[in-house]
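Novice: Each chain, letter by letter, is given below.
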Amino acid sequence: MDLTLHVWRQAGAATAGRFVRYELGDVSPDMSFLEVLDLLNQQLIGRREEPVAFDHDCREGICGACGMVINGRPHGPRAATTACQLHMRHFPEGAEIWVEPWRARAFPVVKDLVVDRSAFDRIIQAGGFITARAGSAPEANAIPVPKGDADRAMDAAACIGCGACVAACPNASAMLFVAAKVSHLGLLPQGQPERAQRVLRMVEVMEAEGFGACSNHGECMAACPKEISIDFIARLNRDYLTSVFRHQPSEEGPDPAEG
Amino acid sequence: MTSALNARVPAGSLETKWTRHRSEIRLVAPANKPKHHILVVGSGLAGASAAASLAELGYGVSCFCFQDSPRRAHSIAAQGGINAAKNYQNDGDSIFRLFYDTLKGGDFRAREANVYRLAELSVNIIDQCVAQGVPFAREYGGLLANRSFGGVQVSRTFYARGQTGQQLLLGAYQALSRQIGRGKVRMYSRHEMLDLVVLDGAARGIVVRDLVSGRLSSHVADAVVLATGGYSNIYYLSTNAKGCNVTAIWRAHKRGAAFANPCFTQIHPTCIPPTGHHQAKLTLMSESLRNDGRIWVPRSRGDGRAPNEVPDAERDYYLERLYPSYGNLVPRDVASRRAKEVCDEGRGVGPGGHGVYLDFRDAIARHGRHVIAERYGNLFEMYERITGEDPYQVPMRIYPAPHYTMGGLWVDYNLMSAIPGLFVIGEANFSEHGANRLGASALMQGLADGYFILPYTIGDYLAQAKLAPADASHAAFRQVEREVDERVQKLLAAQGRRSADQFHRELGRLMWDHCGMSRNAAGLRQAVERVRALRQEFWEDVYVGGVGADFNQALEHAGRVADFFEFAELMCHDALHREESCGCHFREEYQTPEGEAKRDDERFGYVAAWEFTGVGNPPVLHKEPLTFEVVHPSQRSYK
Ligand SMILES: Cc1cc2nc3c(=O)[nH]c(=O)nc-3n(C[C@H](O)[C@H](O)[C@H](O)COP(=O)(O)OP(=O)(O)OC[C@H]3O[C@@H](n4cnc5c(N)ncnc54)[C@H](O)[C@@H]3O)c2cc1C
Ligand code: FES
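Protein chains in written order, with our numbering: chain A, 1 to 259; chain B, 1 to 639.
No lab work stands behind these hints, which were simulated from the structure alone. One should not assume that every hint holds.
To be verified - In the DMTMM-like style, the derived pairs of lysine to aspartate or glutamate whose C-alpha atoms are separated by at most 25 Å in a straight line are:
| no. | chain 1 | residue 1 | chain 2 | residue 2 |
| --- | --- | --- | --- | --- |
| 1 | A | 226 | B | 384 |
| 2 | A | 147 | A | 227 |
| 3 | B | 33 | B | 15 |
| 4 | A | 226 | B | 389 |
| 5 | A | 147 | B | 341 |
| 6 | A | 147 | B | 381 |
| 7 | B | 598 | B | 341 |
| 8 | B | 33 | B | 471 |
| 9 | A | 226 | B | 390 |
| 10 | A | 147 | B | 127 |
| 11 | B | 490 | B | 588 |
| 12 | A | 147 | B | 556 |
| 13 | B | 639 | B | 566 |
| 14 | B | 17 | B | 389 |
| 15 | B | 466 | B | 485 |
| 16 | B | 254 | B | 588 |
| 17 | B | 17 | B | 127 |
| 18 | A | 147 | B | 139 |
| 19 | A | 226 | B | 588 |
| 20 | B | 490 | A | 50 |
| 21 | B | 490 | B | 412 |
| 22 | B | 17 | A | 139 |
| 23 | A | 226 | B | 381 |
| 24 | B | 86 | A | 151 |
| 25 | B | 490 | A | 151 |
| 26 | A | 226 | A | 151 |
| 27 | B | 639 | B | 611 |
| 28 | B | 639 | B | 389 |
| 29 | B | 86 | A | 49 |
| 30 | B | 466 | B | 412 |
| 31 | B | 35 | B | 24 |
| 32 | B | 639 | B | 312 |
| 33 | B | 254 | B | 629 |
| 34 | A | 226 | B | 374 |
| 35 | B | 623 | B | 341 |
| 36 | B | 86 | A | 149 |
Next up, chain A with everything else stripped away, as it sits in the complex:
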């Protein structure tokens, strides 16, 4: 099939970007969307032009590296599908496709379609964990977990951290990402001791990183390649409110493991 691509080209964070139009022939319907970019890049290299930069690694929809807005939708038109798993048979012959990076203040562009998502890492560093020193764990079956809770925790834990939720949100909010982690850990008995601290710290960093507020548009869930439910955001809100009342951050002592 033949395609027309309009790809966002931007040399670096400090320079302005623009769409550049490329005509591409010989595209097989069996190709993934990233293989189309590979093809384009091989042609660009052949013409001694600079290839399009884009993040990718596993190409199986699990590492969360790939992420681009395709025709106005994060990861493109197919539900529950990352860009690397999107196949060209879902596009009509002669399709015209616009490709651009995630757009959010907290995700500055690095180059072309590549953005800096390290804000997500910093949110996890603030509290997205259960403290469990290697060597101190009790026997695994000592704490039974009801299957329903475990399954629900797994639903939330399936998040791949790609950032599509932020890109889809008109406010560029990271609530679905934060909610998924808070819910995953908060649904398990092991996650209880740090539950209040976790949600307060994660939300605090989320706000400091420049993500917007959540106004319940629900675009995040529609864009999420793992179909993480917006119900987790309600859970986050509940957890947050309870924690604010019960547990002022200023009351916290130093990390006991410190030193």
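Start from chain A and add chain B with the ligands according to the hints.
Specialist: Chain B with the ligands in isolation, oriented as in the chain A frame:
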């Protein structure tokens, strides 16, 4: 190097070695730990668990990965599960049984004491991961669930849906993140290690390239840990992520670390076949599908009919025919080789005849569609997404693909390489998996290394190492940085006509044909010649483009391909020298009349550890003899 090849396996009975060793090795006093700095390269299961654990102990740690976040290491893609000898199913499992299965599965080419330790630690790993909040599958009563996996007769595999690797890695990533948040680990994402610095005979640091700015910098430490994963991408098409590479361990090898069993590469039988030249990578379909799917090809060559039109009498369920007792559940190496065989006979199906059917018709008829959907729904969906075919209606097509590398840098019992102070963990070391890895055992090994072995053994080294103070301005660091820069500049200067990607594809094809699922002397000799010629062409005719001081993915790839070209020769050498068949290493000249691998314990019952002598020069072989105190190597039989 000869002396360095002492495996340092502790004395005593198999069951007591590790406990005794742990209580006898030296410790670093708590007050001294923060004075020691350790570099961990890699943030997969092995690297993230090690970096987090070392920081918990109080060491200063820097951790590096080439992805934009440590959470994206390729461990994330593991699907099936992780083994542990918990015996929760009360089906007779034990540490000894897990040890024995792993050793036998590896065709008796692994170190007995290491494999035993791995089985011993497997139970602690599950405890640790549960404590971290890894949402393993559970039964209705709330206890942990298990599933069975290829090649064994007990149910000991723990799993989190089809995303076990993801959940284990996120557990380790979160532990690492906590330490980063506390300022105990400094994380360098989007940084690639391009060389190792050895000072006074000990590993003292690395040179890395910041992949955003292109800037080179040196990092100095008291010890270096490589946890950089496997090198299946030498074949270009593999189940590994696009960034997986041999660069870190290859460059360490060039600085003196021995490379062990480089030719032991695992070709996984159940992957989605390639569809055309555009193919960038291959996707694994979990081995668990073989529990219910039946593998077949048409009896006659060139049978062009649609699969559902081929009557049963004209189908060849070749695994069931050849292996009546294990049937479709034979180990990976056997299943892969037999698939290749029937395709080579011209009975393969799908584009180019590179495929065999994995058919669920009978399973659906027996159990009902909903049961099959419950078991494999997500895999069926993934298959349909990629191929556009519905496996409930037509059989899946599968074909073997490179998947895992048992070879890697040689390490002793303490996981230290032939260079003092250089430790290697996870898939990057030559492993406990011998010549063939059993399913669900790589995750176990990576985490055993990172959480429970390295944190102790590295202390033993640090407690006695006499290291002179050094910093990045030391001449040795300046020199290595200069060499790295020269290599980068050389790649950019070639200004040829072909992309690194094109060269990589060509190299991959060559290795697949001659050093892949089956090998022979003539083919391997020819491959060595062709690799050399192609490598020369590469340096003369590659075109990279752009500049070094920028985010330049073509340059990253070109550097990795350049290393694959050097490494490929060693792989072929190793395969050529090993005149036996064992596990995944199948030399056509050495097989039983039934076409099974024929081991030669007498001549090849050793680990082949190679010493680098210069690019294009023949490497020097060092042997670590494998002695078995407890088990008796036997001919594997799955008939
Ligand atoms: C598709 C698939 C499915 C699998 N399923 C299973 C399974 O079900 N059960 C099982 O037990 N095993 C499975 N395996 C195998 C297992 O996942 C891997 O062997 C294991 O996860 C490797 O972990 P690692 O920590 O050694 O390396 P990786 O997870 O590959 O991590 C490597 C790290 O090193 C970094 N790195 C590499 N090179 C450099 C460099 N030069 N500079 C800086 N950083 C670098 C990377 O950024 C990354 O952080 C599977 C493998 C694949 C490919
Ligand atoms: S490349 Fe890993 S999710 Fe797309």
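Novice: Take the hints in turn and mark each one as holding or not.
Specialist: Hint-by-hint comparison with the structure:
Restraint check: the Cα-Cα separation between residue 226 of chain A and residue 384 of chain B comes to about 17 Å, which is no more than 25 Å; the hinted pair holds. Only pairs whose Cα atoms come within 25 Å are accepted, and residue 147 of chain A paired with residue 227 of chain A is accepted, the gap being roughly 20 Å. Our distance criterion of 25 Å between C-alpha atoms is broken by residue 33 of chain B and residue 15 of chain B, whose separation comes to about 30 Å. Pair hint residue 226 of chain A plus residue 389 of chain B holds up; C-alpha atoms about 21 Å apart against a cutoff of 25 Å.
With a C-alpha separation of about 44 Å, the suggested pairing of residue 147 of chain A with residue 341 of chain B is violated against the 25 Å cut-off. The suggested pairing of residue 147 of chain A with residue 381 of chain B holds, with an alpha-carbon distance near 24 Å, which does not exceed 25 Å. In summary, the hint linking residue 598 of chain B to residue 341 of chain B is supported, as the alpha carbons are separated by about 17 Å, within the 25 Å threshold. The suggested pairing of residue 33 of chain B with residue 471 of chain B holds, with an alpha-carbon distance near 19 Å, which does not exceed 25 Å.
Distance check on the hinted pair: residue 226 of chain A and residue 390 of chain B sit about 21 Å apart at the alpha-carbon level, within 25 Å; holds. The straight-line distance between the Cα atoms of residue 147 of chain A and residue 127 of chain B is roughly 18 Å, inside the 25 Å bound, and the hint therefore holds. Distance restraint check for residue 490 of chain B and residue 588 of chain B: the Cα-Cα separation of roughly 40 Å exceeds the 25 Å cut-off, and the hinted pair is therefore not satisfied. A threshold of 25 Å between alpha carbons decides the hint, and for residue 147 of chain A with residue 556 of chain B the separation of about 45 Å lies outside it, so the pair is violated.
A threshold of 25 Å between alpha carbons decides the hint, and for residue 639 of chain B with residue 566 of chain B the separation of about 40 Å lies outside it, so the pair is violated. For the hint pairing residue 17 of chain B with residue 389 of chain B, the CA-to-CA distance comes to about 53 Å; that exceeds 25 Å, so the pair is violated. About 30 Å separates the Cα atoms of residue 466 of chain B and residue 485 of chain B, which puts this hinted pair outside 25 Å; it is violated. Distance check on the hinted pair: residue 254 of chain B and residue 588 of chain B sit about 31 Å apart at the alpha-carbon level, beyond 25 Å; violated.
The straight-line distance between the Cα atoms of residue 17 of chain B and residue 127 of chain B is roughly 22 Å, inside the 25 Å bound, and the hint therefore holds. For the hint pairing residue 147 of chain A with residue 139 of chain B, the CA-to-CA distance comes to about 6 Å; that is within 25 Å, so the pair holds. Note on residue 226 of chain A and residue 588 of chain B: the hinted pairing is violated, with a Cα-Cα distance of about 45 Å set against a maximum of 25 Å. Between residue 490 of chain B and residue 50 of chain A the CA atoms are separated by roughly 18 Å; this keeps the pair inside 25 Å, and the hint holds.
Restraint check: the Cα-Cα separation between residue 490 of chain B and residue 412 of chain B comes to about 36 Å, which exceeds 25 Å; the hinted pair is violated. Restraint check for residue 17 of chain B and residue 139 of chain A: the C-alpha separation of about 23 Å stays at or below 25 Å, so the hint holds. Annotation: proposed proximity of residue 226 of chain A to residue 381 of chain B holds, straight-line Cα distance about 13 Å (limit 25 Å). A threshold of 25 Å between alpha carbons decides the hint, and for residue 86 of chain B with residue 151 of chain A the separation of about 22 Å falls inside it, so the pair holds.
Distance restraint check for residue 490 of chain B and residue 151 of chain A: the Cα-Cα separation of roughly 53 Å exceeds the 25 Å cut-off, and the hinted pair is therefore not satisfied. Among the hinted pairs, residue 226 of chain A with residue 151 of chain A is consistent with the structure: their alpha-carbon atoms are about 15 Å apart, no more than 25 Å. Proposed proximity of residue 639 of chain B and residue 611 of chain B is contradicted: the alpha carbons are some 39 Å apart, above 25 Å. For the hint pairing residue 639 of chain B with residue 389 of chain B, the CA-to-CA distance comes to about 33 Å; that exceeds 25 Å, so the pair is violated.
The suggested pairing of residue 86 of chain B with residue 49 of chain A is violated, with an alpha-carbon distance near 57 Å, which exceeds 25 Å. For the hint linking residue 466 of chain B to residue 412 of chain B, the alpha-carbon distance of about 20 Å falls within 25 Å, and the restraint holds. Proximity of residue 35 of chain B to residue 24 of chain B is assessed by CA-CA distance (about 23 Å); at most 25 Å being required, the pair is judged to hold. As the CA atoms of residue 639 of chain B and residue 312 of chain B are separated by approximately 23 Å, the hinted pair is consistent with the 25 Å bound.
Restraint check for residue 254 of chain B and residue 629 of chain B: not satisfied, since their Cα atoms lie roughly 34 Å apart, outside the 25 Å limit. Proximity of residue 226 of chain A to residue 374 of chain B is assessed by CA-CA distance (about 18 Å); at most 25 Å being required, the pair is judged to hold. Using a Cα cut-off of 25 Å, the hinted pair residue 623 of chain B and residue 341 of chain B is violated, with the two alpha carbons roughly 33 Å apart. A distance of roughly 23 Å separates the Cα atoms of residue 86 of chain B and residue 149 of chain A; the hinted pair therefore holds under the 25 Å criterion.
Checked against the numbered hints above, the structure breaks hints 3, 5, 11, 12, 13, 14, 15, 16, 19, 21, 25, 27, 28, 29, 33 and 35 and satisfies the rest.
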